[in-house]
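A.B. asks: Sequence:
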Amino acid sequence: MSEKGLRDVLEEVFSEVTRSRIFKDRDKLTPDYVPEHLPFREEQIRRIASALSQALRGSRPNNIFVYGLTGTGKTAAVKLVIRGLSEKARELRIPVFTSYVNCRQRDTGYRVLADILESLGGKVPFTGLSIAELQKRLFKKVEALNGRVVVVLDEIDFLVKKQGDDILYKLIRMNEELSGSSVSIIGITNDLNLIEMLDPRVKSSLGEEEVVFPPYDAVQLKSILDERASLAFYDGALGEDVIPLCAALAAREHGDARKALDLLRMAGELAERAGKSKVTREDVEMARGELEKDKVYEVVSSLPLHAKLILASILDLTTSRDSATTGEIFNEYSKKTALLGLETVTQRRVTDIISELDMMGLISARVVSRGRYGKTKVVKIQANRKSIETALKEDELIEHLFGKD
DNA sequence: CCTCCACAGGAAGCGCAGGAGT
DNA sequence: ACTCCTGCGCTTCCTGTGGAGG
Numbered sequence: 001m002s003e004k005g006l007r008d009v010l011e012e013v014f015s016e017v018t019r020s021r022i023f024k025d026r027d028k029l030t031p032d033y034v035p036e037h038l039p040f041r042e043e044q045i046r047r048i049a050s051a052l053s054q055a056l057r058g059s060r061p062n063n064i065f066v067y068g069l070t071g072t073g074k075t076a077a078v079k080l081v082i083r084g085l086s087e088k089a090r091e092l093r094i095p096v097f098t099s100y101v102n103c104r105q106r107d108t109g110y111r112v113l114a115d116i117l118e119s120l121g122g123k124v125p126f127t128g129l130s131i132a133e134l135q136k137r138l139f140k141k142v143e144a145l146n147g148r149v150v151v152v153l154d155e156i157d158f159l160v161k162k163q164g165d166d167i168l169y170k171l172i173r174m175n176e177e178l179s180g181s182s183v184s185i186i187g188i189t190n191d192l193n194l195i196e197m198l199d200p201r202v203k204s205s206l207g208e209e210e211v212v213f214p215p216y217d218a219v220q221l222k223s224i225l226d227e228r229a230s231l232a233f234y235d236g237a238l239g240e241d242v243i244p245l246c247a248a249l250a251a252r253e254h255g256d257a258r259k260a261l262d263l264l265r266m267a268g269e270l271a272e273r274a275g276k277s278k279v280t281r282e283d284v285e286m287a288r289g290e291l292e293k294d295k296v297y298e299v300v301s302s303l304p305l306h307a308k309l310i311l312a313s314i315l316d317l318t319t320s321r322d323s324a325t326t327g328e329i330f331n332e333y334s335k336k337t338a339l340l341g342l343e344t345v346t347q348r349r350v351t352d353i354i355s356e357l358d359m360m361g362l363i364s365a366r367v368v369s370r371g372r373y374g375k376t377k378v379v380k381i382q383a384n385r386k387s388i389e390t391a392l393k394e395d396e397l398i399e400h401l402f403g404k405d
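Residue numbers (my numbering): 1 to 405.
Some hints could be false.
As a list, the in silico DSS-like pairs of lysine-lysine whose alpha-carbon atoms are at most 30 angstroms apart [what the hints assert, rightly or not]:
(1) Lys24 - Lys79
(2) Lys386 - Lys295
(3) Lys170 - Lys136
(4) Lys278 - Lys24
(5) Lys293 - Lys386
(6) Lys295 - Lys79
(7) Lys293 - Lys24
(8) Lys335 - Lys276
(9) Lys393 - Lys335
(10) Lys278 - Lys295
(11) Lys28 - Lys276
(12) Lys28 - Lys293
(13) Lys335 - Lys375
(14) Lys28 - Lys278
In case anyone wonders, no lab produced these hints; they're calculated from the structure. Nothing here was measured: the structure is a model prediction, and the numbers come from that model.
All chains, please: the whole structure from these sequences, using the hints.
C.D. replies: In structure tokens form, the structure reads like this:
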């Protein structure tokens, strides 16, 4: 491979991108793009905005609890309102400060507090401070700002599940001691059961205002896609049935707009890579497979070794028939570990791992009683077999196994 | 109707890592 | 540098259970 050859390849790839006949602006379809206008969410936006508008009058806005399934526009709506609030406050010269933290990435109390403090202009060392010290600094900072602070905690369920609700409690209680300032919390979650996991005091305080985001239906999804597509694609780059198909597919999955946009983006990428000038329904079908593959790959490859071995065992057992029981899986798994010279985990642990794989959607496990023949779990493969297999083979140890037996 | 299979799944505790406090 | 604390993956020990076959 000569230097020249490589340059030619690069030249070809790069000029191909700039010459795209499909995408005008691909970024308009990525999950972190916040659109200027959110259709079908006026009521929710109005409610959040009216709660927050208290800040512009110089009083503390109520805490808001936002919930809805994934891809229903929660994050986008809140970001939109927050942005508007900041602009208005600047215009009117009213001290309002906002902070956005995604608790999926920052799922410890320390990091959440650190992020809030940083976004308010405080300095936080990497590590070394105790939570109590951090809290004290945040308190001082907020007091010094002498204004309304609005903190958005996105995917708050991750924080609560990992750390419990004491950080929330501390943030809420802070108001009791602040004089010139206040803190309001907007908690966003897609886990509807989260509320039940909270301490009653936190629950009532966070729920001062509740806003629900219902799923979109197919018609609404279609209109959202139309709007976004006109920003992202060149005129005529989309086949007529592309958007309705994406909308229909996503509507089937509890009206997830993110899923719909992913499909559309992936379909566009596939068409572009193939050098086509028009996206067709075949591209959408392919995109569906690709997204599924990506998801399975991501989940499977991050599995710990024994979970992979158990998954491989299930895969083996279900090649000739369609289901396997816990006992059979444990035996097959034992054989595999012996082959690799590893210890096995206990059967008790295996039942838990099977349940975990079930929750991830890779397999389905159903408890059945077969009378005289005992009570067990009937396990079937749920996700695409090929995708699982390729992801498993990525692991060297497991790759060896596929050759043998 | 009772039995007893083949597990499910709860409870407690252990060793370890990593992070906080001192 | 050291102890203390916490969460995680796992083991040990355990009680519970739907229903086919006796």
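A.B. asks: Compare the structure with each hint and give your call.
C.D. replies: Quick rundown of the hints versus the structure:
1. With a CA separation close to 25 angstroms, the supplied pair Lys24 and Lys79 stays within the 30 angstroms bound.
2. For the hint linking Lys386 to Lys295, the alpha-carbon distance of about 13 angstroms falls within 30 angstroms, and the restraint holds.
3. Of the pairs offered as hints, the one joining Lys170 and Lys136 holds, with about 11 angstroms between alpha carbons and a cut-off of 30 angstroms not exceeded.
4. Between Lys278 and Lys24 the alpha-carbon distance is near 13 angstroms, which keeps this suggested pair within the 30 angstroms criterion.
5. Proposed proximity of Lys293 and Lys386 is supported: the alpha carbons are some 9 angstroms apart, at most 30 angstroms.
6. Simply put, Lys295 and Lys79 have alpha-carbon atoms about 27 angstroms apart, close enough for the 30 angstroms limit, and the pair holds.
7. Of the supplied pair hints, the one linking Lys293 and Lys24 holds, its CA atoms being roughly 27 angstroms apart against a limit of 30 angstroms.
8. At most 30 angstroms may separate the alpha-carbon atoms for a hinted pair to count; Lys335 and Lys276 exceed this at roughly 49 angstroms.
9. Simply put, Lys393 and Lys335 have alpha-carbon atoms about 18 angstroms apart, close enough for the 30 angstroms limit, and the pair holds.
10. Note on Lys278 and Lys295: the hinted pairing holds, with a Cα-Cα distance of about 26 angstroms set against a maximum of 30 angstroms.
11. With a C-alpha separation of about 20 angstroms, the suggested pair Lys28 and Lys276 falls inside the 30 angstroms cut-off, and the hint holds.
12. This hinted pair checks out: Lys28 and Lys293 have alpha carbons roughly 23 angstroms apart, not beyond 30 angstroms.
13. The hinted pair formed by Lys335 and Lys375 meets the criterion: a straight-line CA distance of about 23 angstroms does not exceed 30 angstroms.
14. Between Lys28 and Lys278, the direct Cα distance comes to roughly 18 angstroms. Compliance with the 30 angstroms bound is thereby established for this hinted pair.
The structure fails hint 8 only (numbered hints given earlier).
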